[in-house]
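Chemist: Throughout the sequence shown, residue numbering follows mature numbering (1 follows the signal peptide of the UniProt record, and there is no 0), covering -20 to -1, 1 to 140 in sequence.
Rather than coming from a laboratory, the hints here were simulated on the basis of the structure. None of these values were measured; they are calculated from a predicted model. The beta carbon of each residue, even a glycine, is placed where N, CA and C say it ideally should be. Don't take every hint at face value.
Pairwise CB distance ranges, derived in the manner of DEER restraints [what the hints assert, rightly or not]: (1) Asp69 <-> Thr115: 23 to 29 Å; (2) Asp135 <-> Thr90: 16 to 22 Å; (3) Ser136 <-> Glu13: 57 to 63 Å; (4) Tyr132 <-> Thr29: 28 to 34 Å; (5) Lys139 <-> Lys17: 43 to 49 Å; (6) Asn44 <-> Lys17: 29 to 35 Å; (7) His42 <-> Thr90: 34 to 40 Å.
Keeping only pairs whose Cα atoms sit at most 27 Å apart, straight-line, the calculated DSSO-like set for lysine-lysine is [claimed, not checked]: (8) Lys17 <-> Lys60; (9) Lys17 <-> Lys35; (10) Lys85 <-> Lys140; (11) Lys35 <-> Lys105; (12) Lys85 <-> Lys139; (13) Lys85 <-> Lys60; (14) Lys35 <-> Lys85; (15) Lys35 <-> Lys14.
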Amino acid sequence: MKKTAHYAMAMLLVPWLSCTNNPVQNLANPPMEKGEKARMILPPVKDTTLQSGRKNIYLAGHRNQPGFFIERYIFPPGYKGMPHVHNSDLYVTILSGSANIVLDKVFDTTIKSMAYGPGSFVLIKADQPHYEWFTEECTMQVTGIGPNETYYLPDSETKK
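With the sequences and hints as input, model every part of the structure.
Modeler: Next up, the structure:
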C-alpha cells in the first residue's frame, strides 16, 4: 500500500513540477548579488503592536488555539514582563539583542542574572513562574503547543 501511494504521488508531482515557470531548485536558490541577504518572508497575518511597544508577529498557528504555534516578539529596551506562568511548555530562542529571563516569582531586576543573547535557547516548563526584562531591543521566537495561556501572579506573591 505504501509503495502504491509513493508512485501515485510521484505521478502527480512530476507533471506539475515540469509545468511550473519556477522549478523548485530555482525557488530554493534565487539569484542574488554577492553579499545580498534573502528577504524575510512572513505569512499574511495581522501583527500586533501593544501600547508597551512590544510587537507580536504570528508565524504559524496561534497560542490560543489547539496545535503547534510559532510567534516572534520584538521587545523595546526597558520592557518588563511581570511574573507569570503558562499552562504548557514554551521553547524560546533569542534571535537578536538580549533578554534577562529569570525563573522565579519574585520580581527583582537588581539580582545577578544571565542575559541571553542571539542563539540562546530557553525552555520554560508549564507552571514555572518567570519574568523578563530587556535593556536593548530583543527579537525572540517562541514555539509551543496551544492552547497556551498566560497567568500573571498576584502582587502579593511577586514582592520581596
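Chemist: Please name the hints from earlier in the document that this structure breaks, with their numbers sorted from lowest to highest.
Modeler: 4, 8, 15
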